[in-house]
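Participant: Sequence:
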Amino acid sequence: MDGKKKKPVDDFAWQEYDKEEFEKRFPALAKELEEGGVPIEAFRADEEEGEQEAEPRSFAGYEPTVIDFLRRCETDEEALEIINWMESRGEITPEIAKELRITLAKKGVRAFGPKKEWGWYERHGRG
Numbered sequence: 003m004d005g006k007k008k009k010p011v012d013d014f015a016w017q018e019y020d021k022e023e024f025e026k027r028f029p030a031l032a033k034e035l036e037e038g039g040v041p042i043e044a045f046r047a048d049e050e051e052g053e054q055e056a057e058p059r060s061f062a063g064y065e066p067t068v069i070d071f072l073r074r075c076e077t078d079e080e081a082l083e084i085i086n087w088m089e090s091r092g093e094i095t096p097e098i099a100k101e102l103r104i105t106l107a108k109k110g111v112r113a114f115g116p117k118k119e120w121g122w123y124e125r126h127g128r129g
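Okay, so the sequence shown: first residue is 3 according to the working numbering, each after it adds one.
It should be emphasised that the hints constitute simulated quantities derived from the structure, not laboratory data.
A hint or two may mislead.
[As the list claims (entries may be wrong)] Derived DEER-like restraints, expressed as beta-carbon distance ranges:
no.: 1; residue 1: LYS108; residue 2: ARG27; range: 19 to 25 Å
no.: 2; residue 1: GLU76; residue 2: GLU23; range: 34 to 40 Å
no.: 3; residue 1: GLU23; residue 2: GLU119; range: 37 to 43 Å
no.: 4; residue 1: GLU76; residue 2: LYS7; range: 48 to 54 Å
no.: 5; residue 1: LYS117; residue 2: SER90; range: 20 to 26 Å
no.: 6; residue 1: GLU36; residue 2: GLU76; range: 31 to 37 Å
no.: 7; residue 1: LYS7; residue 2: TRP87; range: 44 to 50 Å
no.: 8; residue 1: GLU23; residue 2: ARG103; range: 19 to 25 Å
no.: 9; residue 1: PRO66; residue 2: LYS26; range: 18 to 24 Å
no.: 10; residue 1: GLU37; residue 2: GLY92; range: 17 to 23 Å
no.: 11; residue 1: GLY115; residue 2: GLU34; range: 18 to 24 Å
no.: 12; residue 1: GLU18; residue 2: LYS109; range: 30 to 36 Å
[Unchecked claim] Derived pair list, reagent style SDA-like, types lysine to any residue, alpha-carbon separation capped at 20 Å:
no.: 13; residue 1: LYS118; residue 2: THR77
no.: 14; residue 1: LYS26; residue 2: THR77
no.: 15; residue 1: LYS109; residue 2: ASN86
no.: 16; residue 1: LYS26; residue 2: PRO96
Every value quoted in this text rests on a predicted model; they were computed, and no experiment measured them.
Cβ coordinates follow ideal geometry from the N, Cα and C atoms, glycine included.
Produce the entire structure from the sequences given, and follow the hints as far as they go.
Facilitator: Structure representation (C-alpha cells):
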C-alpha cells in the first residue's frame, strides 16, 4: 500500500475538458458555474412530503429547466417532442437528450416528477 487513504470520491469516473469544449457541450452547466451556481435549498427523501413542506420561494428571474418543461407534459409523446425541441435549439446537449430519452422510454414521463399543473408557480411561490 502507498499509505494514502482512499476517499469515496476516488471511485467516481472523471472526465477532463478544456473550457471551450465544456462550454460547448454543457452550456447551461457552464453558465451556472460562471455565475456561482444554483443554490440547493432543500432535500427531500419523500416526494409528496417534500412538496408539502417546501417553503414558498420567489420565482422572479427563474429559468425553467428541461425537467420543468417535461413535468408539464401529459404524455410520453409530448415529452419526447420537448426533448427533441430543446436539443435542436441547443438548450440541452445530445448526451443529455439521449439520457432523457432512455429514462422516458424505460419509466415514462412521470419519472421526471409529478405533473406541474397550470398555476403551480403561483401556488408554490411567494408573491
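Participant: State for each hint whether it applies.
Facilitator: The hints, checked one at a time:
1. LYS108 x ARG27: 19 to 25 Å: Taking Cβ atoms as reference, LYS108 and ARG27 lie about 24 Å apart, which means the hint holds.
2. GLU76 x GLU23: 34 to 40 Å: Since the Cβ atoms of GLU76 and GLU23 sit about 37 Å apart, the hinted range of 34 to 40 Å holds.
3. GLU23 x GLU119: 37 to 43 Å: With a Cβ separation near 39 Å, GLU23 and GLU119 satisfy 37 to 43 Å, so the hint holds.
4. GLU76 x LYS7: 48 to 54 Å: holds (51 Å)
5. LYS117 x SER90: 20 to 26 Å: holds (24 Å)
6. GLU36 x GLU76: 31 to 37 Å: holds (35 Å)
7. LYS7 x TRP87: 44 to 50 Å: holds (47 Å)
8. GLU23 x ARG103: 19 to 25 Å: holds (23 Å)
9. PRO66 x LYS26: 18 to 24 Å: The hinted range 18 to 24 Å holds for PRO66 and LYS26, with Cβ atoms some 22 Å apart.
10. GLU37 x GLY92: 17 to 23 Å: At 18 Å between Cβs, range holds.
11. GLY115 x GLU34: 18 to 24 Å: Taking Cβ atoms as reference, GLY115 and GLU34 lie about 20 Å apart, which means the hint holds.
12. GLU18 x LYS109: 30 to 36 Å: holds (31 Å)
13. LYS118 x THR77: holds (13 Å)
14. LYS26 x THR77: With a Cα-Cα distance of about 31 Å, the restraint between LYS26 and THR77 is violated, given a limit of 20 Å.
15. LYS109 x ASN86: At roughly 18 Å apart (the allowed maximum being 20 Å), ASN86 and LYS109 satisfy the hint.
16. LYS26 x PRO96: Holds, at roughly 11 Å.
Hint check: a violation occurs at hint 14 only; the rest are consistent with the structure.
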